[in-house]
Structures are given as C-alpha cells and as structure tokens.
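Trainee: Here are the chains, one letter per residue:
Number of protein chains: 2
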Amino acid sequence: MKKEFKEVSGAIVAPKGFSTSGVFCDIKKLGTGKGSNKGPKRDLALIVSETPATVAGMFTTNQVCAAPVKICAERMKRGTAQVVVVNSGNANACTGKQGLADAREMVSFTERSFNFPAGSALVGSTGRIGVTMPMDNVRAGIIEAAILLGSTKEHADHAAEAIMTSDSRPKQIAIEFKLGGKTVRIGGMCKGAGMIQPGMSPTGARPATLPHGGLHATMLCFITTDAAVDAKVLQAVLNEAVAHSFNRITVDGDMSTNDTVLVLANGLAGNKKFKVQSPEFKVFSAALNHVALELAKMIVRDGEGVHRVATVRVNGAKTIQDADVAARAVANSALVKTSWHGGDPNWGRIIDAIGYSAAKVVEEKIDIGYSALGSKKILWSLKRGQPTKATFKELCAAVAPKEFELHINLNLGKANAVMYAADLTEAYVDYNKGDVTDPTTLGG
Amino acid sequence: MKKEFKEVSGAIVAPKGFSTSGVFCDIKKLGTGKGSNKGPKRDLALIVSETPATVAGMFTTNQVCAAPVKICAERMKRGTAQVVVVNSGNANACTGKQGLADAREMVSFTERSFNFPAGSALVGSTGRIGVTMPMDNVRAGIIEAAILLGSTKEHADHAAEAIMTSDSRPKQIAIEFKLGGKTVRIGGMCKGAGMIQPGMSPTGARPATLPHGGLHATMLCFITTDAAVDAKVLQAVLNEAVAHSFNRITVDGDMSTNDTVLVLANGLAGNKKFKVQSPEFKVFSAALNHVALELAKMIVRDGEGVHRVATVRVNGAKTIQDADVAARAVANSALVKTSWHGGDPNWGRIIDAIGYSAAKVVEEKIDIGYSALGSKKILWSLKRGQPTKATFKELCAAVAPKEFELHINLNLGKANAVMYAADLTEAYVDYNKGDVTDPTTLGG
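Here the protein sequences line up with chains A and B, keeping their order.
So the first sequence is numbered by the working numbering: it starts at 2 and just counts up by one.
So the second sequence is numbered by the working numbering: it starts at 2 and just counts up by one.
What the hints contain is simulated information worked out from the structure, not anything from laboratory work.
Take the hints with a grain of salt, since some may be wrong.
A pair counts as met if it fits within one copy or between any two copies, since identical chains are not told apart.
[To be verified] Here are the simulated DSSO-like cross-link-like pairs (lysine-lysine), alpha carbons at most 30 angstroms apart as the crow flies:
id, residue 1, residue 2
1, Lys42, Lys377
2, Lys29, Lys394
3, Lys78, Lys366
4, Lys283, Lys415
Just chain A, with the same shape it has in the complex (with noise of 0.2 angstroms):
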C-alpha cells in the first residue's frame, strides 16, 4: 500500500491552495515564559483554504464533550468550511455555556478576521478540561496567526507544534498521486500523546452498539487535500478510514472529551468529482486511509512514556464485535502492557485477556503467536490452547523490537480486527501523576 503514494513534503500545505500558521498566544496563562517552567511553545494555529473546501469530520463519542466539538459536529450539516482554528493548552471542555460561548466567539471572530460568511470557520481545542478560555489571548493569536499564514514546510510545522501537548513531536504527513489523471496531494497533521482510545463518529453521535466498553485521550487531526470530492463522499472515505486508524490506536484506554478529525477538499487539483465506489473513490480512499493510519501510528509512538508498540491482530473471531473486544482487552490489559514494557512475551496474561473479554472464545482452540513489523512469519508461543515448543529465549527475542506483531488466532469463525497498543511504562505513570506543588504539569 506505502509504495502507491509517492510521500511529499509540506504537510497540510503540500495542496494546492492552503496555508497555515501556528503562534505563541499564551493560552495557558504562563506569562511570556521568562520565570515560568515551559518556554513560550506556540500554541494556537490557524489552516486556511485559499477556495472554500467540502468538509468531513469524525468527533468523540465521549458523552462528555468540549464546546468546540459540538460547534463542529453541528457545522458538518453546511458540507464547507474555510478555515480551522485550533488551540493546544486548554480543550475547553466542561466549561459550560461560558465555553460554548467562547469556542462560538473562536470560530466567528476568526470568519471576521478573513472577512468569512458565518460558518465558515470550524474549531479543535485540546489541554486542560474545566479552564475557561483566555479569550483575549485567543483573539490576540488569530490575529497574529492571520498575519504569519503562509504555505512552506516552516509554516506546516508551526502548525504542527501549535496543536502538540504532551507530544515529544510534531506529526505530519503528505502523499501525491494520481486521481483520475489529475496530480492530487493529501496532508495532514495531528497531536495526541495521552488520554488516547478514540471511538468516533461522524456526529459524535454513539452507535447503538459502542464498538467497545468505552474508552479514549486528546486527539486531533487536520488533513488538507486539493481533490474535489462531494461532502457527502468526503465524508464516507473518512468514516471508513477512521474506521480503520484512529479507531484502532490506544495508549492508556482513555477516550478524550475533545476527539476531532477534520479534512477540507478544496478542489484545486482540478478532478472531476467522483462517486462512491467508482475507481477513483477507491484510489482517493486507499490513499486517505494511508495518511490516516499512517498520522494514527505516529500517536501511538509518541505516546505518553512510550517505549514499545505491538500491532495486535485478532483472527477467526465469530463476530467482528467479538474480535474488537478480544482485541482492545488484550491491547489495555495492564499486565499485558507491562510485560510488553519488559521484553516480557507473556503469552499467559494475553489469554487471560481474551478469556474476560466479552468476545465469545474457547480456550482449547486459541493460538498466540510473534512476528516482525509487517511479517507474515509468525513464532506461536500456543498453539490450541497449549503452549508450543518454541523457547523462551527466542520468545524474548520476538518481542524485543520497538515494534512487534501479537498474532492471535480464535479459530472460531473469519472475522478479525487489529489494534495498534502502547505498553505501560514507569514514565507513563510518573509523567500523569504530575506534581501537585506545580500545577501546570498537571494534564488534561
């Protein structure tokens, strides 16, 4: 899949027709950051489309959700948008009707500022929950970002580092191909790092079945493209590459308040629209699912205390449901996190996962078993329930890499999932549990 889409540089700018910026508007309240503990990190970013784009989004099903994600969810409906404003230090979340207010007075002083029709503008927030926002900084940073805008790789990452919070760095992502003979680029940029199980849909909306018990941390993800596609199109590629990524990942469990997928298409590349399931559907939905999965691994590795990652694939379940479960239960067990942490390939606490899990399973008929990133040659650790003759030694081995495969075999029925985990490290716990006598290192 990787070898199809030539990678570009310049991110969310690499379409034709966007720019971005990103500054430092002191959102958190630190000061210019002369006596504070944190350098003054740029913390406010603003993507803009020279045309108006159709727009798609995906939003948290956390019941508990920000103001700027019910302000996006309901500007969907409008099927375009021009311009993003996005925030780190503050996910103005649970902060009432002050934060309805504030996240509606982001997007409309934003339209205002570029001379916008209303509704225009969408919104991302992310940081601490129960703060309300500092408008006048807020205001005081569009307007510097409106000024800074631009279309280099420097102003990508601007961006990049804007929308970061507990990030070690910035993740970005652009690819060109070929879309119905026209030349046609995706971007894209995200941040997230803890609090990190999303569960998304396109109105925020829970699907009658919660595709697991319910878990998620901040993330966010802006993708730019200059293909034309139909907002209602857009937004079927996107359900089903959210499906397939962000939906997938998990460092801690957690599902944020403030989960937020936006793309914009602005059309610039000059193809002609396409439906669902044509051709070019099918090659625009490969590749957008490519800068999704591929923006959705980077927040794994970059998680919170992060030190290994295991792609955990779940085969022959009898239900689809049933290999979700079996495979979020093995990718959220602390023990299994732990072990993963210590080279540890602990083949009892993963079936012991699958076992409370609420997937139908037969003990007798399980198989576990290690690959290398992206091998098929899988070293079973059990096979039917018992375990195989392979040695520890080179069990260790197996999951000694940064990054392993978990191969788990129900051998019940043909439906599979996959999950791509963090383990659970000491510098995950040292890092959340922060320090009381210093506020400001206490996360959302």
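Place chain B on chain A using the hints.
Mentor: Just chain B, lined up with the frame of chain A:
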C-alpha cells in the same frame, strides 16, 4: 455494621472443628532456597474440617479458566466437602488435559491421605500460567501438611502465607456473633495483589449480561464457619457477599483465570439451620458480608505497588448497570489512577471516564466530590458539570490521605454502585514488567 461483630484471633481456625497448615514443597522448583534469590516461602496449605461441611463457592467467569476452578465448580453440586488443598507458585491454568489430570490427582491424593470419600476435597491454585504442576513436590507437600495440621493462630498464619504470591502480607480475619442463641464464628483468609478485578459467579458461567466490559488478578479466598447452614442457603449468602465485596474491587482491571471463593460450614456451633430471609439468615448474611468486604479491601490495600485506595461511589444512575459501568470506568482509568497516585484531585479525568463509559450520563447533571473514609461530609469539586468554588488546595487535601472516598452523582435516577480501587504507580509497572533475564520474577 463493624461494631456488631467481635473480632477474634485465629482466622480460618477460629471456628470450631477446623485445622490448617502451610508448608514449603517447592512448587516453583527453585530448589531448597539455597542459591535461589528467593527464600523457601510456604507454598501449599490444607484446610480441614473435623466433620463434613456444607460448601458454597464463587468462581471466575473468565472463559480461560484454570483446572482447579473447573474441578471445584463441578464439585459444588455435591454440597459438602471436608478438606481444601491450595497451592501458590503455579496457577495450573492453560495446562490442558495434563492440568486437569493433575488437579484431579491433587483432590484424590488429598482424600486418600485422610481416608475421606471421593468428592470430599476441593482445590485452589495461584501463580504462573501455562506450566504443569510438579506433582511429586505437590504430593510430598500434601503429606507434610497433613502431618502438621493444627488449630493455633500460628497454623493459620502458615496457611495464609502459603497462599500468597505477590502479596506483601497475609490477609486474615475472624469474627464471633450470636446466631439463634448460639455463639458462631466465621474466619477467613485471602490472597491477591495483581490481576485483580474479579467477576465471579456460582458456576463460573457468565450471566447473560456481563457485570462489566469484562476485566481481573488471581484472588483466592477461603472462609470457614462453625454455623450450621444448608448448602443452598450458604450459596445464596455467598452470592450476595461476593457481589458486594470481591466483585467490587479492582487493582489493575485484569480478571484472573483462577479467582475462587470457598466457604465451608461444619455446623459444630450447634445452631438450628435457617431459611432464606429468616432473621437468622439476615444476621449470618451480615456477618459473612462483613468478613468478605474486610478481606476484599485488604486485597486492594495490598495491591501491587498500591499507594492510595479510593472508594468510588456512583449514585443517581438510571440503572444499576449504568452505576456499575460508570464506577468501573473511573476505577480502571489509567489517567484517573495515576492522578490519585500523584495526589491530584483531577476531576477532568474523572468526568472524562464517566463520559466514555457505557452508562447513560448527562454532563450538565454530574456532581463530583471527595470525602474522608466513611465520612458523609463531601467536598464537591464539580456540581452539575461545573467547577465549584472549592480551591485546588482544599481538593488536594481531600485526596492526600492513603484512603479517601470519591462521590459521583449522575442525578438521573436512584441506582448506585461502589468500587474499591487502587491507584496506578511506577512500582506496579516496575513489578509487573519483571526481568526476562530472571524468569522467576515474571508473574502469572
């Protein structure tokens, strides 16, 4: 409740007619301790009643369930037993047909040692998963333990030590009370420190709707009483007691393959047997509830790496199921647990977990507050979804004690649930990541 019952010494041998012992028979095959980095800890215990006792049990609902659990669940139909053999160091789980044969040999060898009829013995195991039992050592241990039986406090201490794995201390209790004019005693011991979120049922079969997404650690609990109780009545009392104690605790959210609670009632106190819902039933039920809850709390307090314990009370839910899943979401959230470890009264993470739980909630109705253990004086941090005027300093003081209560009111109905939950610490991660260069450090 507590003051109604007089605590007495002797734990499981406090009731009339019980004897016990705990010996070292080297179940882990470490050698005699010489040259090993672990001293010879006792690893096999017997609990014997002078006369056949009525029996009740609760067993893990994990679909991957250990051989001893299968044997015990099967033997519950018989309604009586006279001896329990328990080992630590090996869970006899995922050991296939050999494991089942070994567990059968453990009970039948024990029965033959005492010349008891077939079916008189029950068995419990805890320790590493996937390793077959060293049966020669086990048989030697049973013989030695049978010789060393006795009814002193020291005998009870030896047995309580023999069932420990990662426990830092033995967990025992005994109480005395009046039942139908007779003096009756109940004694108990338990173990468990990691892989702890039991979800037990009388047969090990799952209820139609799981009590939770499905999560556990091996916990074993053995309760003795000299009360005369019918087996069916005893099971009814135990179901209720476990529902409010062991099935309400979580250390790490992992449900074990081996969780077992057994109660033996030998009738030597001479009380008249009683019916369900009779006044005597209520007294006995309150007493067993007390013993089970005290033992369950000991498990959480001595959980692996545990620093703080929170009693999570969810009130005002629409249904008991809602109250339960909301309480479990909070009690198992990695971010909430690390914040407790840091002494951080982070209600943002708490409301986030409530919001992503499968419970129906409305953000604008949620109250969150803290109180001292057992106190009704609640310091509210959030009322109707909005921060109160409680200061950060006041809230920090509320979560600073080793144990505190967290109060969540959903304000949607009248159902409630409680969970007794441990924090998540670096010590937990460090312990459980183990050391692959020394496999004896790797837990089950």
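Trainee: State for each hint whether it applies.
Mentor: Verification of the hints:
Proximity of lysine 42 to lysine 377 under the C-alpha cut-off of 30 angstroms is found in neither arrangement, the shortest distances being 43 angstroms within a copy and 44 angstroms between copies. For a Cα distance limit of 30 angstroms, the shortest separation of lysine 29 from lysine 394 across copies, 19 angstroms, qualifies, whereas the shortest one inside one copy, 49 angstroms, does not. Taking the shortest Cα distances, lysine 78 and lysine 366 sit within 30 angstroms of each other only across copies (28 angstroms), while inside one copy they are farther apart (47 angstroms). Taking the shortest alpha-carbon separations for lysine 283 and lysine 415, only the intra-copy value of 24 angstroms comes in at or below 30 angstroms, while the best inter-copy value is 51 angstroms.
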